[in-house]
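Residue numbers (full-length UniProt numbering), protein chains in the order written: chain R, 1 to 81; chain W, 1 to 81; chain D, 1 to 81; chain P, 1 to 81; chain S, 1 to 81; chain C, 1 to 81.
Think of the hints as simulated: they come from the structure by calculation, not from any bench.
Fair warning: there could be bad hints in the mix.
[Stated by the list, open to error] Below 27 Å or equal to it, Euclidean Cα-Cα: the simulated DSSO-like pairs (lysine-lysine) are:
(1) W:K31 / D:K30
(2) P:K31 / S:K23
(3) D:K23 / W:K30
(4) R:K30 / C:K30
(5) C:K31 / R:K31
There are 6 protein chains.
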Amino acid sequence: MSATWLPSLITADPEAGFDLAIKLSRVAVKKTQPDDETRARLRAGYAEDFDALISISHVVATNFQTVAAANDYWRTTPAGS
Amino acid sequence: MSATWLPSLITADPEAGFDLAIKLSRVAVKKTQPDDETRARLRAGYAEDFDALISISHVVATNFQTVAAANDYWRTTPAGS
Amino acid sequence: MSATWLPSLITADPEAGFDLAIKLSRVAVKKTQPDDETRARLRAGYAEDFDALISISHVVATNFQTVAAANDYWRTTPAGS
Amino acid sequence: MSATWLPSLITADPEAGFDLAIKLSRVAVKKTQPDDETRARLRAGYAEDFDALISISHVVATNFQTVAAANDYWRTTPAGS
Amino acid sequence: MSATWLPSLITADPEAGFDLAIKLSRVAVKKTQPDDETRARLRAGYAEDFDALISISHVVATNFQTVAAANDYWRTTPAGS
Amino acid sequence: MSATWLPSLITADPEAGFDLAIKLSRVAVKKTQPDDETRARLRAGYAEDFDALISISHVVATNFQTVAAANDYWRTTPAGS
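Start from the sequences, fold in the hints, and give me the full structure.
Structural data, given as C-alpha cells:
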C-alpha cells in the first residue's frame with residue numbers, strides 16, 4: 001500500500017502546522033491539475049501577481065485554521081486558563 | 001432507493017478525508033451544472049488558470065474543515081492533551 | 001401563517017444536509033434578486049462560467065459547514081471516540 | 001438613547017435567523033456607503049450580475065454561520081443525540 | 001506605553017460587536033496602507049463599486065464571527081437551552 | 001537549529017494577536033514568493049488597489065479567527081458568564 005501523503009494533522013509545533021497548511025493548499029491544486037509542467041509554467045504567472053498571492057495566503061489561512069484546531073492550537077495556556 | 005453519494009462524513013484517515021473534501025467541492029459544481037460534457041469542456045479552461053486553481057483549493061480547504069471536524073481531526077493526541 | 005421555507009437545519013443524513021446547503025445558497029440569491037426570469041436568464045451565464053461555478057461551490061461549502069455542525073456531522077463515531 | 005438595530009442574535013427560528021444574516025450583510029454595506037441613493041443606484045448593477053449575486057450569497061452564508069451558532073442551530077436534536 | 005487600539009474583544013452588545021468587526025476590518029487595511037490620504041482617495045472608488053462593497057461586507061462578516069464567539073454571542077438563552 | 005518564526009499562537013493581548021494574524025498572512029506570501037525584491041515591487045501595486053487591500057483584510061480576519069480562538073479570545077471573564 002503506497003504511503004499516505006497525509007498521515008496525520010498533528011504537528012510538533014505551529015511552524016510545522018503552517019507548513020502543513022501550505023502543503024494542503026498545494027495538494028488540492030495538484031489533485032486538480034496533476035501535470036507538474038503545467039503547474040510549473042503557471043507558477044511564473046501567480047508568483048508575480050499580487051491578487052493571486054493574496055488569494056493563496058487566504059487558502060493557507062483557511063487550512064491553518066483546520067490544522068491549528070486539530071493541534072488544540074499548540075496551546076501552552078489560554079484555553080480558559 | 002438509489003444509494004446515497006454521501007453516506008457519511010466519517011473517513012478512515014486524513015487523506016481519505018481530503019479526497020472527500022474534493023468530492024464535496026465537485027458535487028456542488030455538478031449539482032449546479034449537471035451536463036458532463038459542459039463540465040469537461042470547462043475543465044480545459046480552469047486547469048490552466050491559476051486564479052481558478054487557487055479558488056478551487058480554497059473550496060477544498062473549506063470542505064476539509066468540515067470533514068476534519070466531523071472526524072475529530074483523526075486526533076491521535078493534542079485535544080487539550 | 002405561510003409555511004416557513006426553513007423549518008429546521010436538522011436533516012436525515014449528510015446528502016440531505018448537502019441539498020439543504022445548496023438551497024440556503026440559492027435562497028440568498030432569490031432574496032436579493034426575487035425575479036424568477038432574471039435569475040433564469042443569469043443561469044445561462046454562470047452555468048458555463050468556471051469561475052462562477054467554483055464560487056458557487058464555495059458558498060455551498062460554507063453553508064454545508066453550518067448544516068453539518070447543526071447535525072453534529074451525522075456522527076456515527078469519531079467525536080473523540 | 002436611539003434603539004439598537006441589533007438587539008440580539010437570538011431569533012425565533014432558522015428562517016428569522018437567515019433574514020438576520022441578510023440584514024447583517026446589508027448593514028455592513030450601509031455602514032461603508034451610507035448614501036441611500038448610491039446604494040439604490042448600485043443595486044441595478046449587482047441584481048443583474050451573477051458574480052455579485054454569488055458573492056452576496058457567500059456573505060449571507062458567513063453571517064448565517066454566526067447567527068446559527070448563536071442559536072445553537074435551533075437544535076431539536078442531533079447535538080450528539 | 002501608548003494605549004492599545006484593541007484592548008479587548010468583549011463588547012456591551014451585538015451592535016458594539018458589529019462596530020468592532022468593522023474597525024478590525026479597517027485597521028487591517030490601515031496596517032497595510034498607512035497613508036491616510038491614499039486611503040481617502042481609494043474610498044471614492046470602492047464606495048461606488050458594488051463588488052468592493054460586497055467584499056467589505058464579507059470581511060466584516062468574518063470579523064463579526066470572531067467578535068461574536070468572543071462574547072459567547074451575547075447569548076440571552078439558546079446555548080443548548 | 002534555527003529559531004522558529006512561529007513559536008506559539010499565544011499572545012499577550014488582542015492587539016498582539018492581530019499583529020500575529022498580519023504576520024501569518026504575510027509569511028504565507030513570502031513562502032510562495034521568497035524574493036524580497038519582487039514582493040517589494042508588487043507592494044507598489046496592491047497598496048493602491050482597493051480590491052487587493054480588502055482581500056488582504058479578509059486574509060487577516062481569517063488568521064485573526066485562528067489566533068483569537070487559540071487565546072480563548074483573551075477573555076477577561078468566562079465564556080457564557
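Here is what the structure says about each hint:
Our distance criterion of 27 Å between C-alpha atoms is met by K31 of chain W and K30 of chain D, whose separation comes to about 17 Å. As the CA atoms of K31 of chain P and K23 of chain S are separated by approximately 11 Å, the hinted pair is consistent with the 27 Å bound. A distance of roughly 15 Å separates the Cα atoms of K23 of chain D and K30 of chain W; the hinted pair therefore holds under the 27 Å criterion. Restraint check for K30 of chain R and K30 of chain C: the C-alpha separation of about 20 Å stays at or below 27 Å, so the hint holds.
Annotation: proposed proximity of K31 of chain C to K31 of chain R holds, straight-line Cα distance about 21 Å (limit 27 Å).
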